[in-house]
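K.L.:
With chain A's structure known, arrange chains B and C on it following the hints.
Protein chains in written order, with this note's numbering: chain A, 1 to 305; chain B, 1 to 280; chain C, 1 to 374.
Hints in this document: simulated from the structure, not taken from any laboratory. Be aware that a few hints might be false.
In the DSS-like style, the derived pairs of lysine-lysine whose C-alpha atoms are separated by at most 25 Å in a straight line are [unchecked claim]:
#1 C/K138 with B/K269
#2 B/K269 with A/K118
#3 B/K269 with A/K199
#4 C/K111 with C/K138
#5 C/K140 with B/K269
#6 C/K161 with C/K15
#7 C/K297 with C/K229
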Amino acid sequence: MSRLFKHLQNKLGRRFVIGVPYVWLLVFFVLPFLILLRISVTDMGSGIDPFAPLLDTSGGSWRLVLKLQNYLSVFTDAGPGNTIYVDAYKTSLKYALLTTLFCLVVGYPFAYFLARAKASIRPALLMLVMLPFWTSFLLRVYAWKGILADQGVLNNLLLWLGIINQPLVMLYTDVSMLVGMTYVYLPFMILPLYANLVKMDVRLLEAAHDLGASAWKAFWLVTVPLSKSGIVAGCMLVFIPAVGEFVIPSLLGGAENIMIGRVVWDEMFSSNNWPRAASVSVVMIVVILLPLAWYYRRTSGHLDR
Amino acid sequence: MKAISRFIEKNASHAWLGAVYLFLYIPLFFLIVFSFNSTRQDGVFTGFSLRWYAALLDDSRLVEGFFLSLKVALLTGTLSVILGSFAAFVLVRYTRFSGRTLFYGLVKAPLVMPEVIIGMSLLLLMVAVQRAIGWPDRGFITIVLGHTLLGMAYATIVIESRLSEMDRSIEEAAMDLGCRPMQVFFLVTLPNIAPALVSSWLLSFTLSFDDVVISEFLSGPGVTTLPQVIFSYARRGVNPSIYAAATLLIAAVSLGIIAYSVAMLRHQKRIDRDIRQAAL
Amino acid sequence: MSATSLSGITEGFLKTDLLVKRFDGVAAVDEVSLSINKGEIFALLGSSGCGKSTLLRMLAGFETPTSGSVVLDGVNIAAMPPYERPINMMFQSYALFPHLNIWDNIAFGLKREGMPKAEMVARVDEMLNLVQLQAFAKRKPHQLSGGQQQRVALARSLAKKPQLLLLDEPLAALDKKLRQRTQFELVNILESVGVTCVMVTHDQEEAMAMASRIAVMSHGRVLQVGTPKEIYEYPNCRFVADFIGNVNLFEGSLSLDEADRCEVTTEHGVVNVGHAIDGVRSGALGMAAAVAVRPEKIHLSKDQPAGVAVNLFIGKVKEIAYFGSYNTFIIEMKGGRTVKVTETNMTRHESTVITWGDPIFFWWDDTAPVVLTQ
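If we strip away everything but chain A, and leave its shape as in the complex, we get (with noise of 0.2 Å):
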């Protein structure tokens, strides 16, 4: 009887410590997404309600009410400007490549040579490198918004050195957006890189020198490939997010680089458009997915083995 009662307290305790976390995740993340989806296709609720109900039952019959009329005018609306949308999208989408490429040319070279640094410096390097992360990224850019300013500390530099007669219009733009962006990514991209970089056997280089490779090839054919897994997770980590970034736009780009995050925000809570605020993130989720699966894929592969 004893035996029996521990059988169930070892497969409790297991469904217990599996049951915990999942329940958490269902409740506060799968559920908030099936409750995104519903609304998505639901009208501007009347009164306090911000959203009507989906299942329709006046008449004393059930009639499903979707309004796929959201997920038709995030493509075909006008906003301000036309398909405000859909420009959107390929604002975020252009800033999220641009930033993935900028923080991969500055990033895998960093992290190249960090990995190669003396064994004994490197603990005091990645301090460094991780010492900003620590402190607020909101205060960071909200300094580059002084840095870059028509007034700021560049342009005034600049100035006093005689490069340039003019200040440089650089906060607002592009240029201050991938300036801002870069700057925040970049650790993400770091870290990965450098964590797949440094485990790799300086051997094999060696190898490759003595079968008569010049460093130059060597690294091409031998230090990139090796280090593909590092590469991608941190484009995916630099360039996921960065699709959704809103933060770094709102403070350092300019009206023609509406990002999607901005877009979501305005219609949440300047419109109180909530369904269509929803309808946006889905497709938002959607574009975001499938790079998402694709890395899943790759990665948790061997997982159930």
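P.N.:
Only chains B and C this time, still in chain A's reference frame:
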């Protein structure tokens, strides 16, 4: 030409590292320097002054926001570590159960989801629940829940990494010596993953303390976190009190990190020395 | 000091009966039935993948058997979880708790069973004395050398005075010199304590040096159980003969089968054996049989030895290796077949003039070979 290329090769690493570090730290230097600026101007350093630090202390919104953020972050950190430990345990120890792939996806997803989506969908949930049972009002609790969702994902990664590295035979040894599974966890597993628990706590704390978007979506009237206050100031223009706040934060974080790193380094050196001595 | 037996059983103190463990349909342990006596050191010997570790883990309780029973001192323990078994294990990686010092490591199991403080202190001191680590009680595992860590692991596993001690490759992590010294120390400690031990190893020297009886395993099955001498001199099959030490195997057919002698005809000649065939009792004339002769039992001579009539063969010296205490010769016979012969260096000076390429006679007594049919 060859001399130049060789020169470049040798110094390329130093140059690149230096340039990127400079890039990373420019805003920090800017914040620190201009927090002591005697005027409001951003472009010119007109003189040394502590007026912005004084203004900071007078700004009730900033101060209140600070304490609120602190409370939220403390709670978030703790909840994230607890939930993250569970999740990490599941991921590392339970390799076969139905729905595992889904679980894995759900745990890791908040890491890459744009915060706007997370914030929005959580808001919808809160509103729906509030309509159904009259609680919760948007404010402290809702913000904590939102932050914890994100914090948990990060905590899981950190703890999972440490857990998978841990030598499992010490758990078997504990069982062999008479520990029931629960005892094994508290007497052996927990002490050995403690560093990961601490660092994941710090990570979720920082993320929560720093968060703007989720807070904006999930806060209510009268409940404004420090980043929210800063954000509202930032949209309106330049306020050097913010620089003062930033400098204090940078100082605190730097001291913390340096102290931590030094302690770690010393601890590691002592262990290495012990190991070497033992081998003699 | 010896482990108490509640039922007074000595023979068959630990018994497994048709123990099976399957993973995904593949049997890692395939119907193993063993009978281990109280107080003996019993070794499970085999190469990796033979199932010895799985078997050990089933004894410890970390794997549940697919079928079969494990009976310790009359009690069936197959379904008991590891923390309830009166069995302790010394892990290959030592598995010392890094966050506890040596004293707490050893006391860990005692605390779990609620031993009163005074008794616990006495017991831990007793263990520290046993392994000569009294001065290191306050140190943490990482502050000790590999050999010292091993002794702590041993002390910890003996602290609860278990009825059965399991050792998982106890010497694998030590370097060769240390290993040889530790072998004897370990056996002395175990015998002084008197605990029944089951050890797992892939190293035959370790098994032969330490165990009173050995079970040779392959593919989940036990091929032979015996004392080191029995295994070495009386293997029951080709696998065991080949696995333990070095051996020369000649395939042939049984040409004479009598109660006190037999003959096997091989392609190189007839081998005379001064005893009946080993293993299978009745053999049909003409059945396939192998003759196994250990290298040290073969004599060499450049000149035809006088008075040797049977088991005399001719070959050419192909290789010579000098190992300090003994020489190894590889002799090539007609047709390319090689034979390994070892000779102890009994004198310091160059007494042997055998060199490469020499034609050589070699022979063995008729007591030397073993005839195997499996």
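K.L.:
State for each hint whether it applies.
P.N.:
Evaluation of the provided hints:
1. C/K138 with B/K269: Roughly 20 Å separates the two Cα atoms, so the pair holds.
2. B/K269 with A/K118: 17 Å, holds
3. B/K269 with A/K199: 22 Å, holds
4. C/K111 with C/K138: 17 Å, holds
5. C/K140 with B/K269: Cα-Cα ~15 Å, so holds.
6. C/K161 with C/K15: 20 Å, holds
7. C/K297 with C/K229: 15 Å, holds
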